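Engineer: Chains as they are written, first to last, in numbering that gives the first Met the number 0: chain B, 0 to 257; chain H, 0 to 123.
These aren't lab readings, by the way, just hints derived from the structure by calculation. The structure displayed is predicted, hence computed values, not measured ones.
Lysine-lysine pairs mimicking DSSO-like chemistry, simulated, CA-CA at most 27 Å apart:
| no. | chain 1 | residue 1 | chain 2 | residue 2 |
| --- | --- | --- | --- | --- |
| 1 | H | K77 | H | K59 |
| 2 | B | K179 | H | K35 |
| 3 | H | K59 | B | K179 |
| 4 | H | K77 | B | K179 |
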Amino acid sequence: MSKIISVHSYRGGTGKSNITANLAATIAQQGKRVGVIDTDIQSPGIHLIFGMDDAQMDRALNDYLWGHCPIEEAAYDVSAVIRTEKEPSLDGAIYLIPSSLKAGEITRVLRDGYDVGLLNNGFRALVQRLNLDYLLIDTHPGLNEETLLSLAISDTLVVIMRPDHQDYQGTAVTIDVARKLDVPRLLVVLNKVLPTSDKDDLRQQVESTYDAPVAAIMPLDEEMIRLGSRGIFCLRHPEHPLSATIRAIAAQVCQEAS
Amino acid sequence: MSGGLFDRLQHELNAREKARGLSMADLLSLPDAERKLMNWLLDRQEASFSELVTQAGESKQRVRAMVDALVMQGFLRKIERGTEEENVGYQVRFARKRGASLPLNIWSALDEKIGKSETGQGES
Ligand SMILES: Nc1ncnc2c1ncn2[C@@H]1O[C@H](COP(=O)(O)OP(=O)(O)OP(=O)(O)O)[C@@H](O)[C@H]1O
Ligand SMILES: [Mg+2]
Chain B
0 MSKIISVHSY
10 RGGTGKSNIT
20 ANLAATIAQQ
30 GKRVGVIDTD
40 IQSPGIHLIF
50 GMDDAQMDRA
60 LNDYLWGHCP
70 IEEAAYDVSA
80 VIRTEKEPSL
90 DGAIYLIPSS
100 LKAGEITRVL
110 RDGYDVGLLN
120 NGFRALVQRL
130 NLDYLLIDTH
140 PGLNEETLLS
150 LAISDTLVVI
160 MRPDHQDYQG
170 TAVTIDVARK
180 LDVPRLLVVL
190 NKVLPTSDKD
200 DLRQQVESTY
210 DAPVAAIMPL
220 DEEMIRLGSR
230 GIFCLRHPEH
240 PLSATIRAIA
250 AQVCQEAS
Chain H
0 MSGGLFDRLQ
10 HELNAREKAR
20 GLSMADLLSL
30 PDAERKLMNW
40 LLDRQEASFS
50 ELVTQAGESK
60 QRVRAMVDAL
70 VMQGFLRKIE
80 RGTEEENVGY
90 QVRFARKRGA
100 SLPLNIWSAL
110 DEKIGKSETG
120 QGES
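For reference, chain H alone in the conformation it holds in the complex:
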């Protein structure tokens, strides 16, 4: 694992970018109303704002605030196919599952061992 300061910074930035989005643990810790809406959207895959309002069964203002906050947190992705409200879709934005944070030297030791036992397995 060589590489200068710049590489490490870049690595850290990439890791942070990947970390954005909804993890299942995030989903479980959302307040009831938000969680219910996200559960529903997970099955639906995509919904418009008015569909979200219908599903939530709450006022437009309340759902607007909820949806905006979920977008801000990086849990919802806005798909803009036009400027009008009905042309904007919302999807769940998943976080990348982060790798286990074992020290790097353990992974390279594992790689070496596995590399030896899996002959012909060039990858990884």
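Isolated chain B (complex conformation):
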């Protein structure tokens, strides 16, 4: 059974796109077929982390939503990112469905709207036609129609938050909505935590506030800032402690719900 995983945060800039890309790479390295879809139609960006630029992109989620093509035709095979010279023949694969970067195409979706039923069917079609083990959904912050739909159909929701008062409030809203939508499994990731913070205390505080498990605490990391979304961190720095943390999140995401 394939699994749909949404990565969300109530506020922007928490690390959703980077964490999504790193989870996708980690899971694909384990031989799984992973889809990544950018539902952040208003402010897309995850393709950059996979090293794809605008010029290479001739189809996007937008084309599917306008009925120009079946959704799998907007999927790019970006598996090359996980094929190293040492291990060229991995079974895993990553397919990326980007959102359009053309200003005209972004405003067109905002202006004209789109068929939400089509987006729902698109998620299922991707899983089936690309034979995916996992579909990871990168979302727009806040709660818009795409985000809510993504939550509603997810098997697991990964909520990212920073140790910040506004994030605390916002996360409460997301978790409340996720429960109303009967999301079977919730995982919280604390990101950009100061390395000097008391992690146990933080974990306990968050777990008791939301009654949901903290999958990991990720420190604010200089190397990550330096990378600046120009690549997939855990592939560049596999030995780095942050990569081990990402692998730990991946393990929990992939763990069968009991």
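Here the structure of chain B is known, so what remains is to put chain H with the ligands in place on it, guided by the hints.
Structural biologist: Okay, now just chain H with the ligands, sitting in the frame of chain B:
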């Protein structure tokens, strides 16, 4: 944006037709029992009436009333493949996401600006 009265009426009618169906906000504001059933159906994609009864865990009459009301509100779509009950399927009927209601002149101004900056991008 020219066009006579008829065009505008037609536009309004189209907009209303598109507005029918379930939005995610509608889903969140349904009563618990209805919401739970719709959440389940979202994952299932389609179910027969008897499957809905089993899932809801309530009496047939109660679920019938619930399902009929959801169909009436335009939140459920009935797929009739035959007349017998087991040949009727139910699916969630989504609303079209409506475009942002910015004044029309803002969109045309944006279009103009974007049209200039995206050379070769004939569309939109
Ligand atoms: N643990 C970390 N340490 C340092 N920098 C980080 C960390 N995690 C993410 N970042 C940086 O934070 C910035 C925002 O990350 P990212 O784009 O992934 O967030 P996002 O939640 O997807 O943002 P948006 O809401 O705009 O989509 C990026 O520059 C990224 O490199
Ligand atoms: Mg992002």
